[in-house]
Amino acid sequence: MAPVLFAWLPPLPIVAAILSGLAIAVVLVFGGRVSRLRAPRPRFKSSILIALALLVAQWLALALLGQPPNPLDCLAGVAIIGAAAIIAFIGWSLIVWGFTLNMLLALAAQGRLAGLSQWASLYTGGQSIQELTSDRVSVLTGARLVERLEGDRWRLNARGRVAARLLRVLRFAYGLGARHG
Amino acid sequence: MDDPRLAALALAVPGTLLHLAIVGVLLRLTHQRFGMPIFAGVALALLLAGVALFGASIAFWHFAAFFGGGVALVVFLYGAVLKSLSLAMLAELEAAPEQTLPLAVLAQRIVEPAFAERAGLLVEMGAAAPDGAGYALTPKGLATSGRIQAARRFLRVETLGLYGGGKA
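In order, the protein sequences belong to chains D and P.
For the first sequence, the numbering used here assigns the number 1 to the initial residue and increments by one for each residue that follows.
For the second sequence, the numbering used here assigns the number 1001 to the initial residue and increments by one for each residue that follows.
Because the hints were derived from the structure by calculation, they are not lab data.
Warning: the hint list may mix true and false statements.
Derived DEER-like restraints, expressed as beta-carbon distance ranges [as the list claims (entries may be wrong)]:
(1) D/L9 to P/D1002: 20 to 28 Å
(2) P/G1126 to D/P71: 51 to 59 Å
(3) P/H1031 to D/A25: 50 to 58 Å
(4) D/R161 to P/A1040: 33 to 41 Å
(5) D/T141 to P/V1123: 30 to 38 Å
Where chain P lies over chain D, by a calculated footprint (3+ residues, C-beta under 8 Å) [as the list claims (entries may be wrong)]:
(6) 28 to 36
(7) 53 to 67
(8) 79 to 91
(9) 144 to 152
Ideal placement from N, C-alpha and C gives every residue a C-beta, glycine not left out.
Work out the full structure: start from the sequences and follow the hints.
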């Protein structure tokens, strides 16, 4: 029984990667107690860096103990951290930046709203829906996919055109229409 | 392929592409309903099929790691193309003359309809109710928002739903 069980246990470099992946959740859940990790974005970035550092430290320890991971073990470890980071980001972005969730919290803060513009104002901390639009465009500018022109206009650049084509391919692959909405 | 870890990688790559293809077909057939059960069910079926067909020649944990990473990416990209306002703006800009639009037009075409759609979703969920020209929180909405606030307090998350920050 024992040899069969051991045959199914993950190899040590994989165990190290699984433990490091779990560290992402630990940092996200408890990192808010540390003032430098209070803000959501630095907390998420730090959780990934800590997980990677932990993984490398464990692999070095294994190497020192005479069981160095080979390149395919390392690649599998990176895949595990990648999967853990993606899953953590989905949950984290939902609870921190989730659109519908934050709309509900804005409504709950007031109890009753006169209309969508008041809702948008509460959502953005007293500003307009343009502020929310600007916030979401900042994701595209941060990724250097669009550039700002005079008159608060935005233009797709060459990199943005490639991303937009990729987006169309993905929408097709998932059976979504060519355009959003 | 002598190394079962390399065989695992070689199997996981087409496995991920097959997952995307099958999920795409099922999402079309179900009109985008049951997204998560489809992603999870197809992934589990392919993982078991991979083990059943190639179990002796692949390293299971390596296969699970490579395939799991691929599936996580497929799920993440689906959520992004389905819901992301930023990506909707990217598509809108691509279709615009000279691929240029004022911020006000992006607000009008993307953000305002999305806001109205999510408000409708909250009404449909029973968390909000129409109140004249506006909206009112329902008891169910109060309970749900209380749970969310408790979770956010525990996690010490105090921001508004803006990427740029802003404290609630």
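Cross-check of the supplied hints:
1. With their beta carbons about 23 Å apart, D/L9 and P/D1002 fall inside the hinted range of 20 to 28 Å.
2. The beta-carbon spacing between P/G1126 and D/P71, approximately 53 Å, falls within the hinted interval of 51 to 59 Å.
3. Between P/H1031 and D/A25 the beta carbon distance is about 34 Å. The supplied range of 50 to 58 Å is therefore violated.
4. Distance hint check for D/R161 and P/A1040: the Cβ-Cβ separation is about 34 Å, which falls inside the suggested range of 33 to 41 Å.
5. In this structure the supplied range 30 to 38 Å holds for D/T141 paired with P/V1123, their Cβ-Cβ distance being about 33 Å.
6. Taking a C-beta to C-beta cut-off of 8 Å, the region 28 to 36 of chain D contributes 4 residues in contact with chain P, enough for the three needed, and the coverage statement holds.
7. Beta-carbon proximity to chain P at under 8 Å applies to 0 residues in the region 53 to 67 of chain D; the threshold of 3 is not reached and the given coverage is violated.
8. Against chain P, the region 79 to 91 of chain D contributes 8 residues with a C-beta closer than 8 Å to a partner C-beta. That satisfies the three-residue criterion, and the hint holds.
9. Here's how the region 144 to 152 of chain D fares: 5 of its residues keep a CB closer than 8 Å to some CB of chain P, so the rule of at least three is met and the hint holds.
Figure legend: structure checked against the earlier numbered hints; hints not met, in rising order: 3 and 7.
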